[in-house]
Amino acid sequence: ASMRRRPDAALEVALEQRQRVMDDAQAVLSQRERALAEQVEAVMAARARVSAVLMQMDAAQRPTVGVALPIAVLSDLETLLDWCEVQVLVQEQRLGEVQAQADVARGELATAHQSVRALELVLEARRAERDEKVRREELRMADETAARVHSQKALLAR
Numbered sequence: 001a002s003m004r005r006r007p008d009a010a011l012e013v014a015l016e017q018r019q020r021v022m023d024d025a026q027a028v029l030s031q032r033e034r035a036l037a038e039q040v041e042a043v044m045a046a047r048a049r050v051s052a053v054l055m056q057m058d059a060a061q062r063p064t065v066g067v068a069l070p071i072a073v074l075s076d077l078e079t080l081l082d083w084c085e086v087q088v089l090v091q092e093q094r095l096g097e098v099q100a101q102a103d104v105a106r107g108e109l110a111t112a113h114q115s116v117r118a119l120e121l122v123l124e125a126r127r128a129e130r131d132e133k134v135r136r137e138e139l140r141m142a143d144e145t146a147a148r149v150h151s152q153k154a155l156l157a158r
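Numbering (our numbering), first residue to last: 1 to 158.
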């Protein structure tokens, strides 16, 4: 009797499962987008370090009049600049990886959403089909009632 009342029970369970998959995909995407934002910050920080070292090198190459060029300091800054530039490359490579993971998560969410929507459309179509059958049955019964009333009136009119 319960299956008669809920003919789409199995599809509704499947829809709930698909919605859970979609919710999980949304959570993964949110986490990946947070990681992406953090990685963008890391790249910007690494680039800012390069700029800071370049400014220090620029300042060191313009000593005040009568002061010797600080060769040792410039050498240390050169080494630091190399390290900072490598860090930029490392962080940019990591950014590419994190971006790719976010793109995959975005694709999985889109697929999960399409899956949910497809099943929602099936359920809507089945409901509409059942409603139409009920409407046709009601019309048929009304027609039969009208025909009976008409034939009884015809008999009475004789």
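Hints are computed from structural coordinates only; laboratory data are not their basis. Where hints are given, some of them may not hold.
What the hints assert, rightly or not - Calculated pairs, SDA-like style, for lysine to any residue (alpha carbon to alpha carbon, straight line, at most 20 Å): (1) K133 to V40; (2) K153 to D143; (3) K153 to A142; (4) K133 to A42; (5) K153 to R136; (6) K133 to V122; (7) K133 to R5; (8) K133 to T145.
Just so you know, these numbers come straight off a predicted model, no measurement behind them.
Exercise. Checked against the structure, which of the hints given earlier come out wrong?
Worked result: 1, 4, 5
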